[in-house]
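Whole structure, please, built from the sequences with the hints as guidance.
Residue strings, one per chain:
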Amino acid sequence: MMTVLLLCAVGAFLELDTTYAFQLTFSRGIIAGPLLGLLCGDVLTGLQIGIFTELLFIDMNPLGGMLPPSATVCCTLCLALCTLHIPVYFAFFFGVIGSILFSTAEIYMRKQRSNWVARQENLIRQRPAYLGSVIRQALACACIFTFVFMLVFAGLIGPAFAKLVPHLPEQLHAAGKFAYMAVPWIGLTTLISAFRLKTR
Amino acid sequence: MTRLLQFRLFFRSFFLQAGWNFSKYQNIGLAFVMEPFLRTLYAKDEEALPSVLQRYLENFNTQPTMASFCFGALAKQEERLARAKTLTSYQQRLSEWNGIKRSLSITSASIGDRLFWGTLKPFTLLFALCIWLMLDLNFFETDIPGHFTYWEIFGAALTAFVTFNVIALFVKWQGISLSYFAENNGCFGLTRFDWNKTIYNAKRMGILFSVLLLLWGAYYFVHSLDEVFGLAFITRAVIVLFFVSISLITRDLRIPNMYVYLVAMLVFCMVCLF
Numbered sequence: 120m121m122t123v124l125l126l127c128a129v130g131a132f133l134e135l136d137t138t139y140a141f142q143l144t145f146s147r148g149i150i151a152g153p154l155l156g157l158l159c160g161d162v163l164t165g166l167q168i169g170i171f172t173e174l175l176f177i178d179m180n181p182l183g184g185m186l187p188p189s190a191t192v193c194c195t196l197c198l199a200l201c202t203l204h205i206p207v208y209f210a211f212f213f214g215v216i217g218s219i220l221f222s223t224a225e226i227y228m229r230k231q232r233s234n235w236v237a238r239q240e241n242l243i244r245q246r247p248a249y250l251g252s253v254i255r256q257a258l259a260c261a262c263i264f265t266f267v268f269m270l271v272f273a274g275l276i277g278p279a280f281a282k283l284v285p286h287l288p289e290q291l292h293a294a295g296k297f298a299y300m301a302v303p304w305i306g307l308t309t310l311i312s313a314f315r316l317k318t319r
Numbered sequence: 002m003t004r005l006l007q008f009r010l011f012f013r014s015f016f017l018q019a020g021w022n023f024s025k026y027q028n029i030g031l032a033f034v035m036e037p038f039l040r041t042l043y044a045k046d047e048e049a050l051p052s053v054l055q056r057y058l059e060n061f062n063t064q065p066t067m068a069s070f071c072f073g074a075l076a077k078q079e080e081r082l083a084r085a086k087t088l089t090s091y092q093q094r095l096s097e098w099n100g101i102k103r104s105l106s107i108t109s110a111s112i113g114d115r116l117f118w119g120t121l122k123p124f125t126l127l128f129a130l131c132i133w134l135m136l137d138l139n140f141f142e143t144d145i146p147g148h149f150t151y152w153e154i155f156g157a158a159l160t161a162f163v164t165f166n167v168i169a170l171f172v173k174w175q176g177i178s179l180s181y182f183a184e185n186n187g188c189f190g191l192t193r194f195d196w197n198k199t200i201y202n203a204k205r206m207g208i209l210f211s212v213l214l215l216l217w218g219a220y221y222f223v224h225s226l227d228e229v230f231g232l233a234f235i236t237r238a239v240i241v242l243f244f245v246s247i248s249l250i251t252r253d254l255r256i257p258n259m260y261v262y263l264v265a266m267l268v269f270c271m272v273c274l275f
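Protein chains in written order, with the working numbering: chain A, 120 to 319; chain B, 2 to 275.
I should point out that these hints are in silico values taken from the structure, not numbers from a laboratory.
Treat the hints with caution; some may be incorrect.
What the hints assert, rightly or not - FRET-style restraints, in silico, Cβ to Cβ:
#1 H286(A) to V268(B): 21 to 27 Å
#2 F182(B) to P278(A): 31 to 37 Å
#3 A237(A) to R4(B): 34 to 40 Å
#4 A237(A) to R255(B): 30 to 36 Å
#5 A259(A) to P51(B): 23 to 29 Å
All of these numbers come straight from a predicted model, not from anything done at the bench.
Cβ coordinates follow ideal geometry from the N, Cα and C atoms, glycine included.
Structure representation (structure tokens):
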């Protein structure tokens with residue numbers, strides 16, 4: 120469980136890079152995946168999950184107010200579930216669902232932040248030096264929110280599904296493997312169309 | 002604008018989206034980025050600062066890397082605004098400031114989204130994937146066969162990371178000074194680069210790399226099987242071709258990949274169980 124805690128903490132910090140701070144792309148799958156894999160002692164699985172996550176989400180970009188599922192959250196949840204002895208193909212499935220739920224929760228959080236920002240604006244008008252504090256509070260809130268979300272998700276799904284895994288029929292494992300194996304091909308097909316020359 | 006001030010704007014620009022919200026988007030971030038410049042400009046008139054900041058706390062939304070062009074241009078316009086001698090010229094310059102803020106943020110967002118999210122990110126991903134396959138790291142298999150050093154695993158990721166950031170940070174740094182020192186007919190430094198040509202060339206290279214990767218993937222697919230045209234080969238080939246066709250269709254229908262995967266997982270489970 121300590122590894123799950125550590126993964127969630129590092130994952131929450133990396134997730135800041137997606138939107139709130141830096142945007143240096145260390146939150147993208149191919150970087151966050153192996154980094155988080157290093158933490159739980161399985162870099163190759165981390166790398167594979169990272170590649171698959173990035174390929175699966177490559178068709179969704181943060182344009183305008185659109186909020187694509189987070190690759191970091193997906194990798195973190197996936198690896199957290201793997202450390203709880205859930206096979207990677209099932210862990211990936213739950214990771215994807217978790218990241219979709221996270222983006223829904225994130226939309227709710229951003230709507231709530233609008234009210235908070237309105238209050239902070241008044242304080243900034245009175246004291247401009249307060250801006251730095253507002254930024255720090257916003258970052259801390261985002262980090263804690265991500266951490267709690269991932270911990271709750273992994274804490275609820277992980278132990279429950281880990282108990283179920285030994286009783287699952289072999290056919291379900293085969294189905295999971297087949298679907299997991301299809302992910303890079305789905306992603307690569309989309310990747311080609313991402314480079315379509317629409318206009319010059 | 003001094004180098005130190007430019008550096009402070011550059012550093013703070015990494016937190017542009019910290020207070021992202023649905024009502025005014027990056028307004029808190031913009032005020033935070035511009036604060037050192039405004040403090041320097043209004044050093045002798047600190048009482049003016051809250052009302053000046055108020056303008057920066059209005060709606061603002063653009064692509065975070067390309068936002069640097071907005072920072073430089075807004076700084077230049079703010080200087081003009083601060084130097085206005087009559088109320089009429091102040092109001093005229095204020096209107097120009099508002100117009101520039103709105104139009105430049107839209108233009109920058111359009112270029113930035115196409116260049117960084119639409120082209121450079123997938124391109125660096127392809128680049129990394131090609132390197133991993135060159136190193137014999139067959140990520141198409143459920144259990145990646147072979148042993149790899151940390152250099153081999155992290156090397157390609159690091160290459161993608163560095164390639165993306167060298168370009169992004171260069172544009173970010175240059176954007177501030179280019180837009181600040183731009184002449185009136187220079188579109189605030191945006192015309193300094195031929196964005197369309199860059200995107201066009203990167204996309205052409207991207208197509209080349211992705212075809213290469215697909216062929217490579219097909220090679221690994223055949224290579225990793227002991228018996229070509231056996232049952233395992235045919236099963237996998239059918240599944241791969243099925244998903245390639247499905248994702249081509251769903252792409253046109255604008256259905257995201259993740260839903261294709263989730264539905265596939267559920268359908269496979271049901272088929273295997275019953």
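Hints versus structure:
no. : hint                           : in the structure
1   : H286(A) to V268(B): 21 to 27 Å : 22 Å, holds
2   : F182(B) to P278(A): 31 to 37 Å : 60 Å, violated
3   : A237(A) to R4(B): 34 to 40 Å   : 36 Å, holds
4   : A237(A) to R255(B): 30 to 36 Å : 34 Å, holds
5   : A259(A) to P51(B): 23 to 29 Å  : 25 Å, holds
Going down the numbered hints, you'll see the structure goes against just number 2.
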